[in-house]
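Chemist: In my numbering, the protein residues as written are 30 to 149.
Not one of these hints is a red herring.
Here are the simulated distance ranges between beta carbons:
| # | residue 1 | residue 2 | range |
| --- | --- | --- | --- |
| 1 | 60 | 38 | 16 to 26 Å |
| 2 | 43 | 89 | 19 to 29 Å |
| 3 | 35 | 89 | 18 to 28 Å |
| 4 | 88 | 34 | 17 to 27 Å |
| 5 | 32 | 80 | 19 to 29 Å |
Treat the hints as calculated values from the structure; they're not laboratory data.
Think of the CB as a built atom: it goes at the ideal place given N, C-alpha and C, for glycine as much as any other residue.
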Amino acid sequence: METKIPAPKIQFYTNLALIRKRYEEGVVFASAIYDELLTAEKISMSYKNFTRYFNREIKNKEHQTEKMPVKNVTAPAAAEATQQEDDEGGGPLIFTVGGKGSHKPFNPHATKIDPKRILN
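Using the sequences plus the hints, can you model the full thing?
Modeler: This is the structure in structure tokens:
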């Protein structure tokens with residue numbers, strides 16, 4: 030029975046400790062590490078596959094920065110509007126769209142709009 034060659038992912042992660050060690054020793058080119066492993070018959074994957082895993086696991090992890098925390102993007106006016114709607118219970122609030130000169134109600138087809146319910 031013929032021995033099956035392991036998948037490229039398995040080949041790479043099996044040799045990950047050696048790859049990291051060579052990278053930390055100063056061999057920063059993926060091609061040099063790939064040639065060493067290929068010559069030693071530790072891998073048989075293509076260079077394209079090797080560089081995909083190399084960049085993901087070695088290079089990009091070195092250059093990653095901390096992710097910025099996501100700020101609360103809820104606008105204070107929208108939060109207040111929601112609160113007003115819950116407190117008053119008089120139907121939906123009407124928001125104005127546009128700049129100071131163009132006050133169009135959110136629902137221009139409504140017939141009886143209470144001016145107190147329009148937020149500017």
